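*Asks:* As numbered in mature numbering (1 follows the signal peptide of the UniProt record, and there is no 0), residues -24 to -1, 1 to 130 make up the sequence shown, in order.
The hints are simulated quantities; they were obtained by calculation from the structure and are not laboratory data. Quick caveat: nothing in here was measured; it's all calculated off a predicted structure. Just to be clear, a hint being listed does not mean it is correct.
List of simulated lysine-lysine pairs, DSS-like, C-alpha gap at most 25 Å [to be verified]: (1) K84 with K29; (2) K29 with K79; (3) K27 with K84; (4) K107 with K79; (5) K107 with K84; (6) K79 with K47; (7) K103 with K79; (8) K103 with K84; (9) K84 with K47; (10) K47 with K103; (11) K47 with K107; (12) K79 with K27; (13) K47 with K27; (14) K29 with K47.
Estimated spans, in silico, between C-beta atoms of each pair [to be verified]: (15) S(-21) with N30: 48 to 54 Å; (16) Q69 with G19: 16 to 22 Å; (17) P102 with P(-20): 51 to 57 Å; (18) P(-20) with K79: 46 to 52 Å; (19) Y95 with T55: 25 to 31 Å.
By construction, the Cβ of each residue, glycine as well, lies at the ideal position given by its N, Cα and C atoms.
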Amino acid sequence: MGSSPTLALSLLIFFSCNLRAIQGSIFIQPVTTVVIVNQIEYGIPVTVHCKSKNDDLGVHVLPLGQGYSFKFRPNLVGTTLFFCSFTWTGQHQIYWFNIFDDKRDAGKCTTCRWIIHEYNMCLQDPKNPGKDICYNYGDKEPSNHEGQFATSCT
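With the hints as constraints, model all of the structure from the sequences given.
*Replies:* If you want it as structure tokens, here you go:
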């Protein structure tokens, strides 16, 4: 009977020491990378400014074919949101887009590659290459241009 308290104590010490590793693997979301690439026609640079509720990621100017990326861990409650403004020469307005919306994007990608077009943003679908998912600026649902732009995103 003397071995039961020793076994219980040994198990308690073992699980206490490994609890942090167990919590880390179960409760921490994987790192998500967002990549934004300029594919505006005519080689026009795009000014991008991304933010979340807590972080301002600054202003970045992207020449044609160039990209900007950032990394983060989505929160556990599924409310992570990053939004960006886009402007370029010849446009007299600011375009807004939720570049990562946990409600829309959770489970779709851990590297989310977005292509900036003049009329919409296209998410390159890593599970279905060539079948990009396109959204109009400011929209929460895919645009009806999905098929039209799916082959133009590279």
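*Asks:* Of the hints stated earlier, which fail here?
*Replies:* none
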